[in-house]
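So the chains spell out like this:
There are 2 protein chains.
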Amino acid sequence: MQNPLSPHQLQRMDAYWRASNYLSVGQIYLRDNPLLEKPLERAHIKPRLLGHWGTTPGLNLLYVHLNRLIKQHDLNMLFMTGPGHGGPALLAQTYLEGSYTERYPAVERNRHGMARLFRQFSWPYGVPSHVAPETPGSIHEGGELGYSLAHAFGAAFDNPDLIVACVVGDGEAETGALAASWHSNKFLNPAHDGAVLPILHLNGFKIANPTLLSRITREELIDLFHGYGYEPWFVEGNDPLVVHQDLAGAFDRILASIRAIQEAARSGQSDARPRWPMLVLRTPKGWTGPDFVDGVQVEGTWRAHQVPLAQFDKPAHLAQLEAWMRSYKPEELFDDDGRLREEYAALAPTGHRRMGSNPHANGGELLKPLVMPHFREHAVDVPQPGAVEAEATRVLGTFLREVMRLNLSQRNFRLFGPDETASNRLDAVYEVSGKAWQAGFEAHDNHLSADGRVMEVLSEHLCEGWLEGYLLSGRHGVFSCYEAFIHIVDSMFNQHAKWLKVSRHIPWRAPVASLNYLLTSHVWRQDHNGFSHQDPGFIDIVANKKAEVVRIYLPPDANCLLSVADHCLRSRDYVNLIVAGKQPEWQWLDIDAAVMHCAAGASIWEWASNDDGDPDVVMVCAGDVPTLECLAAVTLLRGYLPDIRIRVVNVVDLMVLQPQSEHPHGLSDRDFDALFTSGKPVVFAFHGYPSLIHKLTYRRSCSDRIHVRGYKDEGTTTTPFDMVVLNNLDRYQLALDAIMRIPRFNKYVGHAIERYWSIMERHKLYISEHGEDMPEVRSWRWPAHGLAGKQAVEV
Amino acid sequence: MQNPLSPHQLQRMDAYWRASNYLSVGQIYLRDNPLLEKPLERAHIKPRLLGHWGTTPGLNLLYVHLNRLIKQHDLNMLFMTGPGHGGPALLAQTYLEGSYTERYPAVERNRHGMARLFRQFSWPYGVPSHVAPETPGSIHEGGELGYSLAHAFGAAFDNPDLIVACVVGDGEAETGALAASWHSNKFLNPAHDGAVLPILHLNGFKIANPTLLSRITREELIDLFHGYGYEPWFVEGNDPLVVHQDLAGAFDRILASIRAIQEAARSGQSDARPRWPMLVLRTPKGWTGPDFVDGVQVEGTWRAHQVPLAQFDKPAHLAQLEAWMRSYKPEELFDDDGRLREEYAALAPTGHRRMGSNPHANGGELLKPLVMPHFREHAVDVPQPGAVEAEATRVLGTFLREVMRLNLSQRNFRLFGPDETASNRLDAVYEVSGKAWQAGFEAHDNHLSADGRVMEVLSEHLCEGWLEGYLLSGRHGVFSCYEAFIHIVDSMFNQHAKWLKVSRHIPWRAPVASLNYLLTSHVWRQDHNGFSHQDPGFIDIVANKKAEVVRIYLPPDANCLLSVADHCLRSRDYVNLIVAGKQPEWQWLDIDAAVMHCAAGASIWEWASNDDGDPDVVMVCAGDVPTLECLAAVTLLRGYLPDIRIRVVNVVDLMVLQPQSEHPHGLSDRDFDALFTSGKPVVFAFHGYPSLIHKLTYRRSCSDRIHVRGYKDEGTTTTPFDMVVLNNLDRYQLALDAIMRIPRFNKYVGHAIERYWSIMERHKLYISEHGEDMPEVRSWRWPAHGLAGKQAVEV
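So the sequence lines, in the order shown, correspond to chains A and B. According to the numbering used here, the residues represented by the first sequence are 1 to 795, in order. According to the numbering used here, the residues represented by the second sequence are 1 to 795, in order.
Simulated from the structure, these hints should not be mistaken for lab results. Among these hints, one or two may not hold up.
Which copy is meant is left open, because identical chains are indistinguishable; a pair holds if it fits in one copy or across any two.
[Stated by the list, open to error] Think about it this way: if two alpha-carbon atoms lie no more than 20 Å apart in a straight line, the pair counts; the simulated EDC-like pairs of lysine to aspartate or glutamate are:
(1) Lys314 / Glu548
(2) Lys712 / Asp14
(3) Lys680 / Asp704
(4) Lys546 / Asp246
(5) Lys314 / Glu431
(6) Lys712 / Glu548
(7) Lys71 / Asp527
(8) Lys329 / Glu714
(9) Lys501 / Asp573
(10) Lys38 / Glu331
(11) Lys329 / Asp271
(12) Lys501 / Glu714
(13) Lys546 / Glu714
(14) Lys186 / Glu219
(15) Lys368 / Glu231
(16) Lys680 / Asp611
(17) Lys712 / Glu662
A quick note: this is a predicted structure, and the numbers were derived from the prediction, not measured.
Chain A extracted, bound-state conformation (with noise of 0.2 Å):
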C-alpha cells in the first residue's frame, strides 16, 4: 500500500509528536531548565515525582494524527481521554495548539511559558496530572475508569457533525461499565447522531498486570468488537515511522468508513444498523522512555505506568533523563524563545476545530435553555387535600412529554432509564419520541424507535455515562431508576458532582444543565419484589457531597412533583436528586399551594394542623409515603385527643434541614424554630434511613427532641402497609411516638400501647390471613371536612 504521508509530512508529524512527548516528560520532571538549555541538574527535578508516562506516548500519538485528519477534512472533532491518568499528554497537546494559553494566558507558548507549564504539573496548588475539568477540551476525567465509552456516546448523540474520537486504555477494557458500552452503538444513528471513533489502546499493561485484550488471541479480539458490532482497524508496531505511516493509512479508511456509513443513512439508502469502524492500537507502554532502568525492562512493561526514572540520588538516573529528553531533540523543535517551531505548529487545527477548543468540550457554550411547557397545566386538581388519588409519576409523564415535544425541533432532550420508562409510569413520553433502537426489529415491538429520544437499556451505568455526556456537551436531560438499583451509579454520580464542584470555579468552563434523577419504584413499594429491592441510601450518597452541587427534592404528591421538575430541568450545574412514588395515592397541595410549598422548601400544612402557634407535638414528613402516614397518625390522635394541638410540617426540599452555613437551602436557625418550633418534641416520618436527619439537624436547637422513623433495612415482600409497620413509620407508631413524649398526656401513653399491640396483632393476623392490608388501612381518607380549628375526628 502507498504510503499516505509524504516523508515531508511524515517529519514534521513525527517532531510535533516528539514535541509532545517532550512537553510530556517536562511535566512529570522538571521544575526548571525546560529547554535543558543547561545541563540537566538534580535541582531541576521536582521533589516529588508523580504522573502516568505509560499511556502519554500514545495519546500523544493519536492527537497528532487525528489533527491531520481534522485540518484535511475540516473536521468536527472531541478529543475523550479513557485513560485520562495521561494529563500529560492532553496538556501538551492542548499547549502546542495554542487552547491552553487562552485559557491559561499566563502559561505563554515561549520558554517562561513552558517552565510554568511543567512546574503547575502534578504540583501544590497547580494542575492535577489526570485529565481533569481544567483541562480544555475535556469532559471526561482521569482516575476513575470504565465511562469513557458511555461518555462518548452521550456527547455523540444529537451532534450529526461531532466525531468522538474516545481512546479506551486496555485496563479499563476490563471494567463493567466499559465492558457494557460497547453495546453502545445499538443505540446510535447514523443519520441524526455523530460518530464515536473508538480507540482501544493496546498498551498491553496496567499498574503491574497484563490487560486481558492484549493477551488474548487476535482472531478472539477481532471476532469480540465483530460480536460487538465494529470492524476493527489494527495498527500495531514499535517503529515510530512505521507506526506513523500505517495510522494515518487506518485512519483515513476509517473516516472515509464513517463518512460512508452517514451518506448511506443520511441519504436514505439504508436503515440497516452500520458496522462501525474502530481502531485498535497496539503500540509499547512507556513508547520512546527508558528501554532498561537499572539492568531492568522498563519499556513496554508494567514499570513503565508512571515515573519509570525516580531515584535522583543515583547520577546515572539523571544522566538517563537527560538522554532520554534530548532523544526528543528539543533544540530542533523549539525556536530560541521556547516556541513550537512555526513549520510543525502549523499541523495543528486553528480556532474551535482544536481539540482543546471544541465548544461541545464545554457544553455550555453551546447550552440552549429548554423550552418550558406550563407545567401548571399538568396539575391535578385537588378541590382540598386529600380528595383525590393520582399517580405522581404518571402525572410527571404527561409534563415530560411536553418538554419532549417543544424541544423536538432542538434536539437537545433525552429521557434516560433502564427498560424502565413505562414501570416507572412515564409511558405519556412515547406518544411524542419512541425508544432509541438500532438492533433488530420485530412485528409487536412497542414504541421502538430508529429515531428515538427514549434512552432504555437495562445497564444503569449506561443510561448515566451516556446522560453525563450528554449534559457535559451542552444538552439536556433526566434519569429515571428504580431507587434501590441507582446505587449501581453511586460512584459515577461520585465522580459526576467532583467534575461539577470543581468545574464551577472555572471562570471559562460555562454552567450545563443539572443532572436530574427520578427515583421511584421506591423502598416502600416493593410489594412484588421484596427486600432485594429496598435501599432509600441513594440520599445519603448525595448528602454527602459538597453542598453547592447537590439538591435532594421528596415532593409528598403530584403538584408538588411538578413544581420541582420544572425547577429542576431549569437549574444548572447541580445534581437534582427526586424521589417520589408512582403508585396511586391521596394528593394534598393544589397547584398553587404546591408551588409555594416547593419553593420554601418546607412549611406548615396549616390545614392538617390545629396547634395555634403552640403545639403539643410536630409530626414533620418528607417523602409521599411517610407523609400518608404522618397525616393518617394526625387524624388518629385527634381521634383519641381531641385536645392535643399538631402542628404538621412537610418537608420537601432535605437540604432546608441543614445549618444555613453548611447548605445554601438551608434554613437560618429562626426560620427553622419558627417551623420546628425551638424545643416541642418532633416526631419526624422520613423517606430514608433516619438518620440521615440527625445528621442534618444536629446542631438545631435541642436536636435531641428529634425522634425520626424511617426505613430500617426490615421487611421483605409484603403488603403496601407492613412495610410501614415492619419499620416503625406506620401511622399507629408514629401516634405512639407523639402521645409518648407529651408529658401531660403521659398517662395515656399505657392505653395507647395496649391498644397499639392489639391493632398490630389484628393487622398481622389479618394479612397472613388475607394477603392484603385491612379494610380500616386500605380506606383510610384524610376527612372530607378538613380539620380546621380543634374540631374533633372520627377514625
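Knowing the structure of chain A, use the given hints to seat chain B on it.
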C-alpha cells in the same frame, strides 16, 4: 442426528417439566384448590398477584434437563439463577425433587403441602417471589441483575469436581458487571478449578423492551462469544418435544467437551486456555403460557414478563387461567394425594446430587476454618509510641502471605483486588502464590501463574462477585481496594449484606466466612491522583446496613491492623470493613497494647494523655492519618499551654460509638462516658465524612459538645499535609479547636488564631515554592521521652 432421548424418557421429562410449570403458575395465582379438583373460582385466586412468569418455563426446562445430566453422570452441579425473579421455577423444582420439603417440612409433598407452597409465595410472611436466601440450592439472590456469572466463577474456583450451571438472562446480559464477567474464563484453571457452564437464555424481552443480544445477528452473537473465549451451542425453538431432544443433545455434547477440557488439563496434556462450551437457549418468553390475552399477543413478548392474566373480574381471564393450568394435565402428573407420580419423581437426582441440596449452595456446611498463623509474629517492634515507622499494609502483607501459605493445601483462601495488590503493598503474598492468569504469557511477566490464588482484574465488580461466590460456597477471602473506587460495588455490597441479614435467621443456612474489605490507598494519601481518587464515603454505605451484619475498623497502625485482620478472618457472617493506609507512618502500639486496644474497640491512650481523670478536652481520633494529626496537635497544645489537661482516645472499631441498643459493639452509655466524659468538649479527628460521627453519637450525653473534623471534599493534587489542611483536619486546626472549647483558655484564643494564620500562610508559601511539606511537618514526631504527667513538650 439421532434423538438422545428415548420416547419414554422424552415423555417423562416433558411431564416433569409440565409439573414444574404447573406448580409455578399455581404459586403465582392460587391460594386454594391447588390440584384444580374443583372448577376454578375467583375465591381461589390470590387478591394480590405478584410474580414473574416470563422466565420461569425456561428455568424449569433447564433444571429438568440438568437433572437428567446429573443423574446419568453422577454430577456435582450447582444451579445459578441469573434471572432470579423466576423464583417460582426454583421453588417448584426444589419442591419436586424433595429438597424443599427437607428444609421446610410443613410444605409436604402432598396436596396440603402443595397448597402451602402456592399460598406462601409472594404472600405476607411467606416467601419472596425472587430466588432468595430462603430458597434451597441458591447462593445468588434474584433482584438486582448482573452478578450471576461472577458468582458462578467464584463458586467454581478450587472446586475441581463442581460444575456450576449459570443461567444468564438476556436482560441481565446488558449490565456492566455481566458484560465483564464473561472474561472470568481467563482466571479459571481447568486442572484445579471446577467448570462454569454459562447458559444464555435468549428469552427475547425485558420488562418492556426486547433484549440486545436477542436482536443482534446470529453471526454477531457467535462472534461475541468466540471473542469472549467460549464455544456457543445453540438450542432454539418453541416446540417442546423438539426442544427437549435438541437440548438433551446439546447438554450431552457440552458435558463431553467440559470433560475433555478437564482431562486434557488434569492429565497434563494441555496447558493452553481452553475454549469452554456454553449454551444459548432461545425459547419464547412465557412459553406455554397464554398466547393471547384480550386479543393481544402475550407469549413471546415482554407482556409475559410478570403476571400474564390479572383481571379476574373478567370471567374470560378466569377461564383462561384454568385452561392454562389444565393444559399441563395435573391429573396425569400428581397422584390422588397430590404427590408427583413416582415414574416422574424418579427422574430427579437424590441426596446431595439434587441441586436444591448441593452443599456448595449452603457453603457454611463445607466451611473449613482457616489455619491461622500467629499474627503476633508479624508485629512491628514498637519500643515506645512513635519510635518507629512502618507501612501498615506491607506488614499485613506478610501476615496474609502466611495465611496463604498455611492454607495452600486446603485451597480455600484467595486474595482479590483490581490490579492493586502490589500497589497496596500486599505483594509479600506473591512469595507463596502468584496471580491467577490463563491468558497469554510473555517473557517479562512477574508472578503470573496458571495456578495463582491472587485474583487481579481491573474490575471491582469481578473481584467482588468472585469473592461473594467463593465465600457463599464455603471458602475465605479478602478484597483489597483503593478506598475511593470501592463505591463501584456499593450496590453489590448492599445485596450481599442483605443476603447475610436474611440468611442469619434461616436455621438451615450454616454461617459462612465474612466478606473482608481492606480499603487502602485512602483519601488522605492520593498525592499524585488527586480529587477523583478521594472518597471515604463507603464507610457511610456500610454504616447504613443492619448492625448485626456490619463491622467497621480503622486501625491506627500496623499492629492494630494485624489484630483486626486476624479477628476478621476468623469471623462469620459479617461484612468487615477495614480502612488502613499503605504509606510509611509512625507506629503507636506494641502488639500487646494493640490487641487490648482492638478488643476494646476504643480506649484512652494513657501515654498520650495527662488528664488525671479530669480532662479539659478529649482529643479523639479514628483512622491512621487523623491519629497522626491528633497526636501532633497534642504536642502543640502541651507546648503552648503547659497546664492543659488532655485525654487522648483512639477509636479503632467505629461501631462502639453507636448506642448499645443499635449495635452489638456499641458501648453502654456508662462506658462511653468513661472514655469521652459526660460533658467535656470533644475534638474528634475522623478519617471519613464528619457527619457520620454525629450520626453515630447523637444519642450520647451532650452530643453537641462533639466537634468533628474529617473529609469535606476539599483538596486535589497536593502534598499530604496540605490535604489535611484543606479539610481542616490538620494538627494546627485541631489544636485551635481544642483551645476554643476550653473556657479557661479563652484568653488565648485570639493569639492562637493569629498563630494559626501565620503558620498557614507560611505553609501555603512553602509548598507552592517547594512542592513538598514544610520541614517542621515532615520531621514531626512524638517526643521520644514520652509525655507522661503534666510535663511540657517542646515543639
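Taking the hints in turn, this is what the structure says about them:
no. : hint            : result
1   : Lys314 / Glu548 : neither (48 Å within a copy, 55 Å between copies)
2   : Lys712 / Asp14  : neither (62 Å within a copy, 45 Å between copies)
3   : Lys680 / Asp704 : both (11 Å within a copy, 18 Å between copies)
4   : Lys546 / Asp246 : neither (47 Å within a copy, 58 Å between copies)
5   : Lys314 / Glu431 : neither (71 Å within a copy, 29 Å between copies)
6   : Lys712 / Glu548 : between (29 Å within a copy, 12 Å between copies)
7   : Lys71 / Asp527  : neither (59 Å within a copy, 38 Å between copies)
8   : Lys329 / Glu714 : neither (68 Å within a copy, 40 Å between copies)
9   : Lys501 / Asp573 : within (8 Å within a copy, 39 Å between copies)
10  : Lys38 / Glu331  : within (12 Å within a copy, 97 Å between copies)
11  : Lys329 / Asp271 : neither (51 Å within a copy, 47 Å between copies)
12  : Lys501 / Glu714 : between (35 Å within a copy, 10 Å between copies)
13  : Lys546 / Glu714 : between (30 Å within a copy, 9 Å between copies)
14  : Lys186 / Glu219 : between (23 Å within a copy, 16 Å between copies)
15  : Lys368 / Glu231 : neither (35 Å within a copy, 50 Å between copies)
16  : Lys680 / Asp611 : within (12 Å within a copy, 38 Å between copies)
17  : Lys712 / Glu662 : between (26 Å within a copy, 11 Å between copies)
Consistency note: the structure conflicts with the earlier hints numbered 1, 2, 4, 5, 7, 8, 11 and 15.
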